[in-house]
Every structure is written in structure tokens, then in C-alpha cells.
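Undergrad: Sequence:
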Amino acid sequence: MSESLSKSVQMAIEISTKSIERAAEHEAKRTEQMAKGLIERQKLTNEKEAESARVNLFELKAVTAAVESSGQRKAEAQAEAANIELNAELLSQEMVGGSLIFRARVAKKTMMDQTYLSLLNIAPSPQI
Numbered sequence: 448m449s450e451s452l453s454k455s456v457q458m459a460i461e462i463s464t465k466s467i468e469r470a471a472e473h474e475a476k477r478t479e480q481m482a483k484g485l486i487e488r489q490k491l492t493n494e495k496e497a498e499s500a501r502v503n504l505f506e507l508k509a510v511t512a513a514v515e516s517s518g519q520r521k522a523e524a525q526a527e528a529a530n531i532e533l534n535a536e537l538l539s540q541e542m543v544g545g546s547l548i549f550r551a552r553v554a555k556k557t558m559m560d561q562t563y564l565s566l567l568n569i570a571p572s573p574q575i
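Residues in the sequence shown are numbered consecutively from 448, following the numbering used here.
Treat the hints with caution; some may be incorrect.
Derived pair list, reagent style BS3-like, types lysine-lysine, alpha-carbon separation capped at 30 Å [what the hints assert, rightly or not]:
1) Lys-495 to Lys-483
2) Lys-521 to Lys-508
3) Lys-508 to Lys-490
4) Lys-508 to Lys-495
5) Lys-465 to Lys-454
Across the chosen pairs, the derived CB separations fall in these ranges [stated by the list, open to error]:
6) Asn-493 to Ala-459: 44 to 54 Å
7) Met-458 to Leu-485: 53 to 63 Å
8) Thr-464 to Val-502: 52 to 62 Å
These aren't lab readings, by the way, just hints derived from the structure by calculation. Computed from a predicted structure; not experimentally measured. We put the beta carbon where it would ideally sit given N, CA and C, even for glycine.
Go ahead and model the full structure; you've got the sequences and the hints to work with.
TA: Now the structure itself:
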């Protein structure tokens, strides 16, 4: 009977040991899966943030290009307006008589208005 009891105790210890080992293995796998899930979630979050940063970069590049282009057009229009103003002033100095001076000033104002409207991208109304 002692031998039978000893075998029973031995079996109980083996069953208990295997049960504990299986539970530990199961817990280790569960922990590993949770860690993999967290890593995958963090990876997706990082990719999302990187894509958002790329979109923001492209938007800023587009705005910068538009500002640079607008500044170039404004500078060109200002140079053209200054040239028109100078030409109109020279024309008014060369003309003799009130009527010719008046016409030169009207021409000067019309050219300046057209330059200003081109800055605003507005078509000028037809002159009478």
C-alpha cells in the first residue's frame, strides 16, 4: 500500500506540475500576443503621424510656392507701374496745352489702373 500511495503522490505531483507549466505557457503566450498587439498599434500610430506630417509638409511647400510666385508677380507689376508712371510723366511734360496734358494724365491713370487690376486678377472694364 505504501507503494501505491507513493505512486499516487508521484502522479499528483506530476499532474500538478504539468498543470502549472501549461498555465505558465498559456500566460506567456497571452502576454506575448498583447505585446505584439501593442507594438502593431504603436507602429500604425507612428505611420499615421508620419503621413500627417508629410501632408502638412506638402501643404506648406504649396503655400510657400504660392507666396513666392505672388511676390514675384507683385514686384513685376510694381516695376511695370513705375515704368508706366515715368512714361506718362515724360509724356505730360512733352505735351503742350491743357487738353493734351489732361489726356496724358487720363492715359497714365488708365495704365496704372490696368496694372493694379492685373495684380488682383480682375479684367478691366472697356474704356469709352
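Undergrad: Decide, hint by hint, whether the structure agrees.
TA: Verification of the hints:
1. With a CA separation close to 18 Å, the supplied pair Lys-495 and Lys-483 stays within the 30 Å bound.
2. Of the supplied pair hints, the one linking Lys-521 and Lys-508 holds, its CA atoms being roughly 20 Å apart against a limit of 30 Å.
3. A C-alpha spacing of about 27 Å is found between Lys-508 and Lys-490, which places the hinted pair at or below 30 Å, so the restraint holds.
4. For the given pair, Lys-508 sits about 20 Å from Lys-495 by alpha-carbon distance, which is consistent with the 30 Å threshold.
5. Only pairs whose Cα atoms come within 30 Å are accepted, and Lys-465 paired with Lys-454 is accepted, the gap being roughly 16 Å.
6. With their beta carbons about 51 Å apart, Asn-493 and Ala-459 fall inside the hinted range of 44 to 54 Å.
7. For the pair Met-458 and Leu-485, the supplied restraint of 53 to 63 Å is violated, since their beta-carbon distance comes to about 41 Å.
8. Checked against the given bound of 52 to 62 Å, the beta carbons of Thr-464 and Val-502, roughly 57 Å apart, stay inside it.
Checked against the numbered hints given earlier, this structure breaks only hint 7.
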